[in-house]
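*Asks:* Each chain is listed here by its residues.
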Amino acid sequence: MGGRASHPAQWGAVIERSITQVARWVVAALGIATAAFVLLDAEYRHHFLTGSGVAQGALIAAVALGVMLTYRGSGVVNFANGVIAMYVAYVYTVLRRDGDLFLPPLPNPLSVIEGIVHQFQPHDTFHLPDIPTQISFGNGLSFWPALAISLAFCIVLGLVLHFFVFRPLRFAPPIAKVVASVGLFLLLEATVIRRFGTRPIAVKPIPFLKKTTQMNLGFIKLNQEQFFVGMLVIAFAALLWVLFQKTRFGLATRAAAENEKGAVVLGFSPDFLAGTNWVLSTVITGLLGIFVATSLSTIEPTVLPALIVPALTAALVGGFTSFPRTTLAAFVLGMQKPLISYLGVNKTWFPKSGDQAFPGVDRVLPFLVIVLVLYLAGDALPARGSITAGRLPFSPTPPKWALRIGGPVLGLAAAVFGLFIFSPAYRGALSNTLVGVIICLSVVVITGFVGQISLAQMAFAGISAFIVSHLSSEHGWPFPLPIFAGAIVALVIGLLVALPALRVRGVNLAIVTFAFAVAVDDMIFKNNSVNGGFKQALVKAPDWIDPNQPKQRKIFGLIAGDGKLPNPTTAIFCLVVTVVLCYLVANLRRSTTGRQMLAMRANERAAAAAGVNVSATKLLAFAISAFIAGIGGAVIAYRSGNATPDKFDYTQSLVIFAFAYLGGISSVGGAIAGGFLVAGGLVFTFLQQSLGVPPEFTLLLGGLGLVITAIQNPEGIAGRLRTDGLRLKAKFQKPRSPSSAPTTAAPLVDTGSP
Amino acid sequence: MALLETTDMTVTFGGLRAVDSVDFRVEKGQLVGLIGPNGAGKTTFIDGITGFVPTTGNILFDGHEISHEPAHRRARRGLGRTWQSLELFEDLSIEENLQVAAEQQSVGGFLADLVIPQRRRAYANVQFALDVLGINDLAKRMPTEISQGQRKLVSAARALAARPQLVCMDEPAAGLDTKESEDLGLRLGRIIDAGTTIFLVDHDMGLVLSVCDYIYVIEFGAKIAEGTPQQIKSDPRVIEAYLGSAAGSHEAAGPHESAEPEK
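Here the protein sequences come in this chain order: A and V.
Residues in the first sequence are numbered consecutively from 36, following our numbering.
Residues in the second sequence are numbered consecutively from 7, following our numbering.
Treat the hints as calculated values from the structure; they're not laboratory data.
Model, not experiment: these values are computed from the prediction.
Among these hints, one or two may not hold up.
Cβ-Cβ distance ranges computed for the label pairs, FRET-style [unchecked claim]:
{"#": "1", "chain 1": "V", "residue 1": "114", "chain 2": "A", "residue 2": "63", "range": "42 to 50 Å"}
{"#": "2", "chain 1": "V", "residue 1": "152", "chain 2": "A", "residue 2": "760", "range": "20 to 28 Å"}
{"#": "3", "chain 1": "V", "residue 1": "20", "chain 2": "A", "residue 2": "333", "range": "52 to 60 Å"}
Straight-line Cα separation of at most 25 Å, BS3-like style, residue types lysine-lysine; simulated pairs [as the list claims (entries may be wrong)]:
{"#": "4", "chain 1": "A", "residue 1": "599", "chain 2": "A", "residue 2": "589"}
{"#": "5", "chain 1": "A", "residue 1": "570", "chain 2": "A", "residue 2": "682"}
{"#": "6", "chain 1": "A", "residue 1": "387", "chain 2": "A", "residue 2": "589"}
{"#": "7", "chain 1": "A", "residue 1": "570", "chain 2": "A", "residue 2": "387"}
{"#": "8", "chain 1": "V", "residue 1": "146", "chain 2": "A", "residue 2": "764"}
{"#": "9", "chain 1": "A", "residue 1": "435", "chain 2": "V", "residue 2": "146"}
{"#": "10", "chain 1": "A", "residue 1": "246", "chain 2": "A", "residue 2": "256"}
{"#": "11", "chain 1": "V", "residue 1": "185", "chain 2": "V", "residue 2": "239"}
{"#": "12", "chain 1": "V", "residue 1": "146", "chain 2": "A", "residue 2": "766"}
With the C-beta cut set under 7 Å, the calculated list includes, among others, these residues of chain A facing chain V [stated by the list, open to error]:
{"#": "13", "residue": "289"}
{"#": "14", "residue": "633"}
{"#": "15", "residue": "646"}
{"#": "16", "residue": "726"}
Beta carbons: idealized from backbone N, C-alpha and C, even for Gly.
Next up, chain V with everything else stripped away, as it sits in the complex (with noise of 0.2 Å):
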């Protein structure tokens, strides 16, 4: 059985889908990738599935039903994502960043923290995602202090240190040059390694291509085409949907085709 699997989830704004009846899996243990042009409803297909735009259509994870679930509950239950614009807490030192995600709160630990409080429940979750992500010398610092490559980082560790089955990862590359693209992939790899199944959403082709398992494109809310890098990349309709028409007999983009990141 596929760990998520969407069938016709649609999210609509008004009159315009932007998600449009888009049937999708994702295999335990795979890396799947989802890339799409500047407004091709990516980002609106990891709010819908992690719960921050109401959806219909089923959503189906780890054999339940999430589709009614507040987004919170996905999370609890192993559906970890990444946000473009990072949304680190700002207050907090990196380190209680990822706290928040990797503690849960219950009742009677509540009553208990208020007279013991245990500064350090489920560290070791915190201490696997910096180590994963090789960022342990960021700890105690702020995210104010930090450079934009590590703050990536850092919001990529904090989905992690929930030990989520899944973490839908929102244009990580982004603004990242060559090497820190490579680098990332890299960490991915390492991600995957540790047992975390990898949604990946980006329009930097170069890094989709090169990392993914398997592809879905989408244009317009709909998708357009799916399957392994070979299949995509020799896909026609890809092809038009990145390059244009007069660019059909061109190779696939390369790493530095991609625009601007979306805004």
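Excised from the complex, chain A in its bound form (with noise of 0.2 Å):
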């Protein structure tokens, strides 16, 4: 013993290191060895530099520009700024077409006084006042007053951003930065849908650019449109490059990311200096946005919002501090879509599935990107120095009267509202709510307990969804064994994107799931032979759980069903799974392991100074959320009799994290909730049954309550009532035990919902 030879056991770190070290030259000579090929070999290069890649590529750089300012000034990674180029291409194409400017729908409470009176009234004759829905500004707008009207758009949408949203979120933790911008994901995706319906929209050309001129710079051709596009977006990137590295401004943001009070020494406010990056960020997007929506001729809801991937992307390539870096990933992230696609066609050395390219491919890459420098970089998203940094919704021990009476008396009621009660409508909304509850218990896990934000729940769900429907109809597997085979594949592959999770964490984890949902959506839910394509991957289930076996049966004497579908019985087999789950769920709060994943996602290092494992606790947690949300998927496909690619798609996981934190991110009750408002669940369906309101109003209000829940109420539904029991409890138990805490945080009394 003793000397300075250090132990062989240390050489494990030291290994590690050089393999970071080793894998980071090997990704680079990689990199480098790819852009030599493809750029000195002539077929290669010439479906790699073409005008269509360039527009792609400009598109993405703009979201990432926008994405890089708004975190630089506030400290937001911006999930919606695609959706925010789409919006704000929406609003110009539309002044170009009709000369009116939409105004998002304004809630009117006037309409469900409308709706109660057409339920009397069977002809829609009754109508009250609306609220106004567009300014109309004459017949079609000519190119450059459409162009003011929507930059002055973008400047008012930056600074509502900035002060209604961001601005009351300063001093939020990270992951409700993170819930307010998915909401607004929602929000502004929902809206666009609600106005314009999913197909796609012309958009006229702008005047002094013309598509058919076709330019020749010599080793690219790209027409006017294109080569515009690409310089507007390489000035800008000059001009935020200038603007940051020798303004004072530009300095104040930068001090401000790193400490706020360095700001201030500045003379700038970091509010002022927030809402101006917002600002700059909005009208870049959304200038870039017209042009690029101009330059592919039509606009569609679908295709905008997805390029927050590349474009992050990019941005963490840029170490969200470099705006030239940023830039030239982004083209590359562009330009190799043209080039992919060419090869999927044409070689065939290209991976194939059946006679068809392998689906996705181009999108996989900012996956892999992402991955590559998240993991060989650490934490490529350097830490905002902010003041004080808020707290996770609290997480309150199950009480015993919720397990022993209120969880059976609920369950009870389920079952027999499903079995003897429910019209059909409500039947299937019941199977919804219940679906909804099971996907809301895996993120309670994963990002209640242990406070890590996944945001590809229903990723994990289609993977075992389309298993379910391999092994139950093409390998006569018996019913309940592809329940676990699914759960249990989504597991490991939980593990496998937890992986990252070890070294990083909250947003940047944010990051590499949303990612993987993309990649998962094009690449096997999209593709043809997982998804069956026009066969559909269909489930076979046992008669009992089939939804399209419309059969009355007897229980306990009573009839079932009134002879229409859906199968009353389908909503008893989603009931018995849920409730098992909401036990474990419940169990896992109250056991060692619980309290070791609550400890953790207070303070990592006490808690491994507290002899907490804090990786395998980690892991421990994404493999229970994926094997729940795995289970979930399976529920899914077993209940509707298919899996299709439209339940499981990225959109998905971003809406059931959305109910999921409604309802309360951090008890089963909260999950509860969630699951009561998801999608086609049983508010919703209360409210388009019985008040009228319109389906597309799910995603709007649900994007809406999550910025709202975000701002106002971090706790969600569960966590408020249960925090206003307590009050209500103290005030009568005042006189009794005057010593007993009256606060809201009391743990081991709770009133909140069942």
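Join these two chains into a complex; the hints should help.
*Replies:* Now the structure itself:
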């Protein structure tokens, strides 16, 4: 013993460091080799340097520059920036087409009265005044006025986002900011879909730019529009670089990102800096959105929002600080798309699925780059020094009465209503709610108990659902087995996605999981050999679960079902699984592991000092969460009789995260509340059937609710009920036991939602 | 054999040697103190022993070489610590704070917990820690509801709930007044009586000199003196480090002459 020689086991750390270093070199070398090959080979170069690639790259760069500005100005990673580009492009397109500036739908309190009256009066003759939905400027505007109004709209939008959404969240934990930006994503997308549907709309050309005029720059041919858009982005990147490197404003913003007091010393209020950066961000994003939409000739609500993934990738490559590096990365990510689709069609070595090129390969590249950057560079996103960081919502221990009385009563009520009372629409809604509860539970475990943000829960569910479909219908596995197979595969993939979580946390992890959800969506779920194409991926379910069995059954001597679809016992299957999982998660919270998770969520260092294996506990949480999501996916597959990609696309992952947060992210009660709220669930079915609220409002209300919840009520509905209940209880109990804590945080009393 | 022994332990931050080749021993059942002026590397020394910063050199705990082990494994070996900034789990009740430290989880236990959770596993240890520090009445409260002095006791209780062989206490007296400081000394005595060895880091000379059996003094990361309280009181280098050379002839510092707590 003694001496200077270090212990052999210390070599482990040394080896890990050298592997990381070697991996960095290998990745860099591979990148350079690929780039050299593509640029030197005439065929590859021809399909890499394309006008459409430049336009795509410009759009990605625009979204990425906007993301960087808001991050540096206010510490928000704005997942909604792609949607903002789309929204502004729609504003412009409609101004050019009709001369109308459409407004976001404002809630009209009178519409509820209208809905109730229509209940009793079948002919829709009763109408109350409505809030205007647009401001008309006459017939279709010409280019310049439309552009000016659109940019004015961008400025207003930036100010609104700053003052009403993100400024109130200044001191909130990162998760609340992510939640708000996800809410914004859903809200803006829902607004566009509500107004214009999902079909593409033609965008009028810009008078001084001609699509037909080809320009030959020697190494690349592109049309005037594409050239202009590319130049515009590069000009903006250069301007921003100058602004941030050479001016006091830029210096102050950089200082504020490190330390908010630093900016004050320079004579700028952090608030002013954040607001200005928001406006800059929306203006740049919106302006380029307009030009790129023009060069694409049409606009639709699904393409631009997903561009946030390559944009975040580019921003990560630039370390969220370097405008030139980000712009370059964005162009590469945009220009690889035409190359990869060309290779897919023309090269025999390209991975095939059936006789088609494997889909979504161009979407996987951003995901791989994100994982590599985050894993090799450690925490790529520089942490922002803010004055105080808020805490995550409180996670109460499930009270005894809820476990012994609340759970059984609620379960029994669901069974009775599902079997004997509900009409077909409500029977379907009940199943949707129960499935929603399951997925929300998976969010509760990973985000509520451990504080890690996963935006890929529906991707795990989808993987499991497609496995269930294949095993049950093609391999003839009997009923419960495919569920476990699907859930275990989801668990394994969850663990793989969690590996970066050991080195990255918070917002970075949200980015990884979001990119994963998009990649899985494009590569697997939209792959016809997985989803069955026209034949669909069917699920063979036992009679009592099969939703297409309208049979009536005798249960306890009573007749269940009205001979209409869906099958009343389908909901019972969902109910049984949901109840089991609710109890498992409640028990997890009451167990040693649950306490360890919450300890880790509160303070990783102190948890390690208390003997908690932080890495193992994190992986365990991911495994449990992905497993629960996998079971949820399997239940969805059985209860719908098929697995379709639309149920599991990346938007669904965002939506379920939204509803889980709305319900209350940190308790089983919150998951149940979240389940009631999901699209097609009981609450929206009630709104739709009884109050006449159209179904497109689900997303809209969900997004709006999410933004409001993030700002006003971070504990969610269940948390709110609990604290209100405690306050009431304290009022009544005061005279009896003055020593008992009347504050909101007493741990073992719970009056929250069941 | 010593319970804890470091040989040539060094912690470097870039070019700075925050802990510089320190040799150091703690015998079982002792109360060993470490003092030093602000920025001397006291907290870094604890971080190094308990696995929160990488070190070179050897750390031998209870006969095992632990310098390569992650922090949580050292904790499970019986090497506990408290934090100067307390670092309580703010979302858990005081009782649950202690439970996290007291409980060990096995795979079988985890699966069993999913069916019937054991809410009071290893509760005897929690009760022990609550009793030793005399904070039974706080068990059901939340960390946000209690006073700073009480939070300090909870942080010590949490370290104790794991029934460690050795607990490293980082500036437990910081911010306490004389009476509270004396009271703390009394409770430390109870911890020793219960069979836990204490390694006390503080710059409150009064507390350290009055309760410790053996004392180490560091300055700029390097050890400058060690010995019994009597020896330390009269060591010229300690007096210089604490009071400056001009005051060389004075008695050692009293309890109130300590500087502000490090932040």
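*Asks:* Against the earlier hints, flag every one the structure doesn't satisfy and list their numbers going up.
*Replies:* Numbers 6, 13, 16 - these are the hints that the structure violates, sorted from lowest upward.
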